[in-house]
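Given these sequences and hints, build the entire structure.
There are 2 protein chains.
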Amino acid sequence: MTINMEKPYVVGMDIGGTNTVFGIVDSRGNVLSSDSIKTQQHEDIDEYVDAVCKKLIPLIQAVGGTEKIKGMGVGAPNGNFYNGTIEFAPNLPWKGVIPLAAMFEEKLGIPTALTNDANAAAIGEMTYGAARGLKDFIMITLGTGVGSGIVINGQLVYGHDGFAGELGHVIIDRNGRPCGCGRKGCLETYCSATGVARTAREFLVQSTEPSLLRNIPSEEIASKDVYDAAVKGDKLALDIFEYTGRILGEALANFIAFSSPEAIILFGGLAKSGDYIMKPIKKAIDENILKIYAGKTKLLLSQLKDADAAVLGASALGWEVKED
Amino acid sequence: MTINMEKPYVVGMDIGGTNTVFGIVDSRGNVLSSDSIKTQQHEDIDEYVDAVCKKLIPLIQAVGGTEKIKGMGVGAPNGNFYNGTIEFAPNLPWKGVIPLAAMFEEKLGIPTALTNDANAAAIGEMTYGAARGLKDFIMITLGTGVGSGIVINGQLVYGHDGFAGELGHVIIDRNGRPCGCGRKGCLETYCSATGVARTAREFLVQSTEPSLLRNIPSEEIASKDVYDAAVKGDKLALDIFEYTGRILGEALANFIAFSSPEAIILFGGLAKSGDYIMKPIKKAIDENILKIYAGKTKLLLSQLKDADAAVLGASALGWEVKED
Chain A
1 MTINMEKPYV VGMDIGGTNT VFGIVDSRGN VLSSDSIKTQ QHEDIDEYVD
51 AVCKKLIPLI QAVGGTEKIK GMGVGAPNGN FYNGTIEFAP NLPWKGVIPL
101 AAMFEEKLGI PTALTNDANA AAIGEMTYGA ARGLKDFIMI TLGTGVGSGI
151 VINGQLVYGH DGFAGELGHV IIDRNGRPCG CGRKGCLETY CSATGVARTA
201 REFLVQSTEP SLLRNIPSEE IASKDVYDAA VKGDKLALDI FEYTGRILGE
251 ALANFIAFSS PEAIILFGGL AKSGDYIMKP IKKAIDENIL KIYAGKTKLL
301 LSQLKDADAA VLGASALGWE VKED
Chain B
1 MTINMEKPYV VGMDIGGTNT VFGIVDSRGN VLSSDSIKTQ QHEDIDEYVD
51 AVCKKLIPLI QAVGGTEKIK GMGVGAPNGN FYNGTIEFAP NLPWKGVIPL
101 AAMFEEKLGI PTALTNDANA AAIGEMTYGA ARGLKDFIMI TLGTGVGSGI
151 VINGQLVYGH DGFAGELGHV IIDRNGRPCG CGRKGCLETY CSATGVARTA
201 REFLVQSTEP SLLRNIPSEE IASKDVYDAA VKGDKLALDI FEYTGRILGE
251 ALANFIAFSS PEAIILFGGL AKSGDYIMKP IKKAIDENIL KIYAGKTKLL
301 LSQLKDADAA VLGASALGWE VKED
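Here the protein sequences line up with chains A and B, keeping their order. Mapping to my numbering: the first sequence position 114 is 114, numbers consecutive. Mapping to my numbering: the second sequence position 98 is 98, numbers consecutive.
Errors might be hidden in some of the hints.
Copies of the same chain look alike in the list, so a pair counts if it fits in one copy or across any two.
To be verified - Only pairs whose alpha carbons sit at most 30 angstroms apart, straight line, appear in this in silico DSS-like list of lysine-lysine: (1) Lys-296 with Lys-95; (2) Lys-232 with Lys-135; (3) Lys-272 with Lys-235; (4) Lys-107 with Lys-38; (5) Lys-38 with Lys-291.
Derived from the structure by calculation, the hints contain no laboratory data.
Next up, the structure:
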């Protein structure tokens, strides 16, 4: 991260299926200002860029204009760092290949870089959070899906095509649950927030165990409900976390054999379920790890402040943008 | 690779459980001379180093002495690049942590680097073989075990502790075959040469299919016998390759989700079984790959000359040794 006192700020923007959040960030990771728009309300990409700029330009002006901005970082599903494009993102309104970084550069006159949301989170963690000083770590984001950002030798791993690090789509059970990607048994069908809700529905049918979760209509159960039940000592809810944590820990033990990271950092709602999920994850790593790696890789929680995490992660990429 | 015309040669040495092979290599990958000793005959490490030097020094003198040697590269099981050590290698006679690179540096006065054998193969392939010009690839060595060397952004991945890249010990079936590492279902229990022989013994018991392999005492069957039978059209032998290739292809599809490599390069006896193994591997990759990676990663065979491959691979590390 290069801090130029002439240009002390960056813009961070996180594009989600529902909301697009953006803000101005300083070199210490303070979000000075932020705003948002609804992603789905802008089916035309030009109109979407205009809508963002309409709200973003006043924020930029408030800190002294574009000459104070070092760069802009964008985190987006299916974001390709090499091309600055969003490519065939199933949950966004724009189809095909969208040259979004170039569009913002042209509109705002700010050098812009783009990557996928989990990679942005990894860079954010390295710049402002739990991964400061780490050169080898894996970021796992546990949200609606499971994402990952892999850092090796202090560099984010993009792969030859810009799409490396889809660890949520490592197949962990070839006869497992159908996944949105069209295959079966991907890690994210078990260890995402939606995976946890799916497990709850399965367990409620398979067992006759009394549970607070039986008071909720099955199709409405969310991972937050499982957490709330676990806090009250609900046996079935605790079993769901045990099951989820074991599957994630087994997968992490395999990932460690790839890059032998100093740490694995967990991010997202599920990671906040505390010991209910962390204990079974750690236990499964310990039981499944190859001996030479035993006890070496730390399991950490994200240190990015919750409300700001998405903007912060993306903004960190803004420090690394190369000016033409 | 830096070629210094004052120092136009490197030494390569490969330490195997049975043989230790070493030789002098020029910048084009020609092995100018080589020799070997039996690894197991030297239980004392000092005596082992002496025995290597006794045969290696004359080879060095024949090309003009140590002043003509840029560096020495050593490939060894459980080799740690960061420390130049061999650490707790189960199949070598020396126990604990052996500072082998330092021992050769002191004895020969040549800067020496050491890594595990699969990493050495990856560097060899990048310097002299199928990976020339590639910045992102995975080398898979199919021998008695399954090893791997991972290259990302043109750099070998060593991980935070020097032991990254044990893809032969990724668990692909949690209730699978017992592995020498003490766990169950590691990739190498299926896709190594010994794994293929194990599959042959299982298939012979499970099926009543006539097979040329039934003429060989079960415990003596080797992967070469399966190949020979396959060449003669033996149905059971072909099924064994189908089974092995499918498991390897499924695992490779998962590995691609990690680093999105431009190529996967296969090395070792089993890789030479041609279409018998390559076709099922490719089919399983195609059937199990996440859509964004489909058709992008090439499956290549090693281009290192067979007899020289071990020495060549290790020697390539000699070009990269830093002189103090």
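Quick rundown of the hints versus the structure:
1. Taking the shortest Cα distances, Lys-296 and Lys-95 sit within 30 angstroms of each other only across copies (21 angstroms), while inside one copy they are farther apart (43 angstroms).
2. Within a single copy, Lys-232 and Lys-135 get their C-alpha atoms no closer than 40 angstroms, and across copies no closer than 52 angstroms, so neither meets the 30 angstroms cut-off.
3. Taking the closest pair of Cα atoms, Lys-272 and Lys-235 come within 30 angstroms of each other only inside a single copy of the chain (19 angstroms); across copies the shortest separation is 54 angstroms, beyond that limit.
4. In this assembly of identical chains, the alpha carbons of Lys-107 and Lys-38 lie at most 30 angstroms apart only when taken from the same copy (20 angstroms versus 69 angstroms across copies).
5. Proximity of Lys-38 to Lys-291 under the C-alpha cut-off of 30 angstroms is restricted to the inter-copy arrangement: shortest distance 28 angstroms between copies versus 48 angstroms within a copy.
Violation of the numbered hints given earlier is confined to hint 2; every other hint is satisfied by the structure.
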